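Protein sequences, first through last, are from chains A and B. FYI, the numbering for the first sequence is 1 to 86, going by full-length UniProt numbering. FYI, the numbering for the second sequence is 1 to 459, going by full-length UniProt numbering.
Check before you lean on any hint, since a few could be wrong.
[Unchecked claim] Below, simulated DSS-like cross-link-like pairs (lysine-lysine); rule was C-alpha separation at most 30 Å, straight line: (1) B:382 to B:24; (2) B:75 to A:25; (3) B:75 to B:262; (4) B:323 to A:20.
[Stated by the list, open to error] Have a look at the derived ranges for each label pair, beta carbon to beta carbon: (5) A:68 to B:371: 49 to 57 Å; (6) B:46 to A:48: 42 to 50 Å; (7) A:25 to B:452: 24 to 32 Å; (8) A:50 to B:283: 48 to 56 Å.
[To be verified] Per the computed footprint, the stretches of chain B lying under chain A, defined by three or more beta-carbons under 8 Å from a beta-carbon of chain A, are: (9) 13–23; (10) 41–54; (11) 87–98; (12) 209–221; (13) 331–337.
Hints were generated in silico from the structure; no laboratory data involved. Since the structure is predicted, the reported quantities are computational estimates derived from the model, not experimental observations. Glycine is no exception: its CB is placed at the ideal position from the N, C-alpha and C atoms.
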Amino acid sequence: MISEVSVLYFAKGAELTGLKSETVKLPSELTTLQLWQELEGRHPKLSVIREQVVLAVRQEYVALGDQSVSLRDGDEVAVIPPLSGG
Amino acid sequence: MEEVLQLKGQIKEKERELVILRKKLAQLEKLSDFPTDDLLDKITPLAPVTPKTSLTNEDIMRFSRQLLLPELGVKGQLKLSKTSVLVVGCGGLGCPLAQYLAAAGIGRLGLLDHDEVELSNLHRQVLHSERTQGQPKSHSAAQAIRRLNSTVQCVPYHLQLSSENALQLIQQYDIVADCSDNVPTRYLVNDACVLSGKPLVSASALRMEGQLTVYNYNGGPCYRCLYPVPPPPETVTNCSDGGVLGVVPGIMGCLQALEVLKIASGQGSSYGQQLLMFDGQGSRFRSIRLRPKQAGCAVCGENPTVTQLQDYETFCGSAATDKCRRLNLLSKEQRITVQDYKSIVDSSTPHILLDVRPQVEVDICHLPSSLNIPLASLEQRKAEHIHLLRERISDLKQQLDAQSQVPVYVVCKQGNDSQKAVQILEKMSGPEVDCVSVRDICGGLMAWAQKIEPSFPQY
């Protein structure tokens, strides 16, 4: 099963991908680590923020690991690196 | 005739220099007359804020519009009046935060910043003014706060927060607001808050985006629970490089003030395990539910490894400032000074001046006859730009004798990106473009403005 989700890129994420958002077809059932790897596969430059990124699915933080996540059509995935300016 | 023109030109140049020198002098004179007696450069123990048992008639009048809120009321107002808040950084976030806390009647405000007010701060750091340029920000902010509400106790600290002073300072306050502009300070403030058990209302902003979370509050996560590993320094963009629209930190600082007031008055914050994100371009707020406090956290976990403050600049691999780092990627032979470049221009030696800044910065200012190819385009080998470079090189080659290599001088704002560009061009020289000799102009256009052409804009 494939789901079409909307991926939002914030701060450094937008700078590295050159995108603020995109619609992506992804497996409906995958682990959070696989989800990140899918995004990193599309945009290899994202690898530099992997250790700090807040990855959110339906506005909820997911830790990168082997816990599974179900994606439905229209779900929002957000890539949020921390900002430190002020 | 030519000599007359040249002399006129030189006189004009000297006149411009005089204007700049006079401005500098006036600024220094102003700096030496401001009173420094109440400015703390070290931390001394403060007496606790005297708790008020009732409001005066003047208090009732001043705070009447907020006293009418059942969520605050007299009880909440009295709580505000005995709360002390440490503001770490009196910049784009700290200014509006301190302003609203003072206006709302907070008891004591510690205002910490080690910087001085600069003209480029004024578009966002709204407590400072043209008149306080050159003064310590903590002092400038305290003056503005006193004009707004003289009953608030202001304690300005003109110092850099460090592992040596942070605990002693933070212990004296009830709530800490992180309004800093760099990663090492964010880890330092977090650890000091965890070790002294204080809630940390933290916000940040860059370009048109902002973030806010309350850490170490009501059993929620700390900054390290969320970001156990600091980011590689080269992935961190600061406001002086990336820019920021002033109202964005303004919005985030106001939201930070709101959370501080809710905590201080006993209403509690809703951002203990939430990340509020503001996207100023899309005019959208999003709230992300974060992970809870981590049992394995190095500072707030069950078996902490951080039990005292560390060296945070070493931990993060970067300095506790938002000023630009100076890269040193090249050998002496690969670089020239702005003075050397000036004599190349003066002697009309044929060369290419390659400006590798992004277009938006070239629009601010540039040297005449420079070729603009942003560093990112070189990195990605953008075809149109590489074509342009090839063309320029072969044009120049025709003017030179066949054996000599075309000299290319690379410039950017401060001389960091230009060094990266030299490395790229050296790889391209031969296989991708005609052989060139590439050199970096040390210190970039800002060094040019400071040492060669005082009328060239600085940003």
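- Item | residue 283 (chain B) and residue 50 (chain A) - C-beta distance against the hinted 48 to 56 Å | violated, 29 Å
- Are the Cα positions of residue 75 (chain B) and residue 262 (chain B) separated by 30 Å at most? Roughly 13 Å separates the two Cα atoms, so the pair holds.
- Quickly compare the C-alpha distance for residue 75 (chain B) and residue 25 (chain A) to 30 Å and report which way the hint goes. Status violated; Cα separation ~54 Å.
- Message: Three residues or more, CB to CB closer than 8 Å: is that satisfied between the region 209–221 of chain B and chain A?
- Response: holds (count 3)
- Item | Coverage of the region 87–98 of chain B by chain A (three or more Cβ within 8 Å) | With 5 residues in contact (Cβ-Cβ under 8 Å with chain A), the coverage given for the region 87–98 of chain B holds.
- Message: What's the verdict on residue 382 (chain B) and residue 24 (chain B), does the C-alpha distance respect the 30 Å limit or exceed it?
- Response: Violated, at about 43 Å.
- Taken at face value, is the distance from the CA of residue 20 (chain A) to the CA of residue 323 (chain B) at most 30 Å? holds, 27 Å
- Query: Does the region 41–54 of chain B contain three or more residues whose Cβ lies closer than 8 Å to a Cβ of chain A?
  - Reply: This one is violated; 0 residues, fewer than the three required, reach chain A with a Cβ under 8 Å.
- Task: Using the Cβ atoms, figure out if residue 25 (chain A) sits within 24 to 32 Å of residue 452 (chain B).
- Result: Hint violated: Cβ distance 55 Å, outside 24 to 32 Å.
- Task: Examine the region 13–23 of chain B: at least three residues should have C-beta closer than 8 Å to a C-beta of chain A.
- Result: violated (count 0)
- Item | Whether chain A covers the region 331–337 of chain B (at least 3 residues having a Cβ closer than 8 Å to its Cβ atoms) | n = 0 at 8 Å, threshold three: violated.
- Does the Cβ distance between residue 46 (chain B) and residue 48 (chain A) fall inside 42 to 50 Å? holds, 43 Å
When each numbered hint is compared with the structure, violations occur for hints 1, 2, 7, 8, 9, 10, 13.
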